[in-house]
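Participant: Starting from the given sequences, assemble the full structure and let the hints guide the process.
The sequence shown begins at 1 in the UniProt record's numbering and counts up by one.
No lab work stands behind these hints, which were simulated from the structure alone.
Treat the hints with care, as some may be off.
Stated by the list, open to error - Label pairs and their in silico Cβ distance ranges:
id : residue 1 : residue 2 : range
1  : Arg-57    : Val-10    : 12 to 22 Å
2  : Ala-9     : Asn-41    : 17 to 27 Å
3  : Arg-57    : Asp-11    : 17 to 27 Å
4  : Trp-44    : Asp-11    : 13 to 23 Å
5  : Thr-21    : Lys-50    : 11 to 21 Å
6  : Arg-57    : Ala-9     : 30 to 40 Å
7  : Thr-54    : Asp-11    : 28 to 38 Å
All residues carry an ideal CB built from backbone N, CA and C; glycine is no exception.
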Amino acid sequence: MDCTFKTYAVDMPLLNMIGVTGMNTTNHLAQSFIRIETGGNYTWALTELKTVWTLRRFRILR
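Facilitator: Next up, the structure:
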């Protein structure tokens with residue numbers, strides 16, 4: 001996870017969540033604007049990602 005420092009359009013940090021596979025390739029998982037970079041906001045973002053991930057059964061592309 002990484003945040004940019006305040007994007008110009010909305011004046012909030014943009015959180016990018018990236019996953020790494022066992023073959024060292026990266027996948028973009030999610031993006032979210034957060035008000036402040038605090039532990040609680042990171043926890044919220046990860047909880048929401050987990051919720052979406054469990055509700056939708058994503059297929060693995062081969």
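Participant: Each hint should be assessed against the structure and marked as holding or not.
Facilitator: These are the hints, each one checked on the structure:
1. Arg-57 with Val-10: 12 to 22 Å: 32 Å, violated
2. Ala-9 with Asn-41: 17 to 27 Å: For Ala-9 and Asn-41 the Cβ distance comes to about 19 Å; the hint holds.
3. Arg-57 with Asp-11: 17 to 27 Å: Given a distance of about 36 Å, which is not inside 17 to 27 Å, the answer is violated.
4. Trp-44 with Asp-11: 13 to 23 Å: 19 Å, holds
5. Thr-21 with Lys-50: 11 to 21 Å: Check passed, 18 Å falls within 11 to 21 Å.
6. Arg-57 with Ala-9: 30 to 40 Å: 33 Å, holds
7. Thr-54 with Asp-11: 28 to 38 Å: 32 Å, holds
Figure legend: structure checked against the earlier numbered hints; hints not met, in rising order: 1 and 3.
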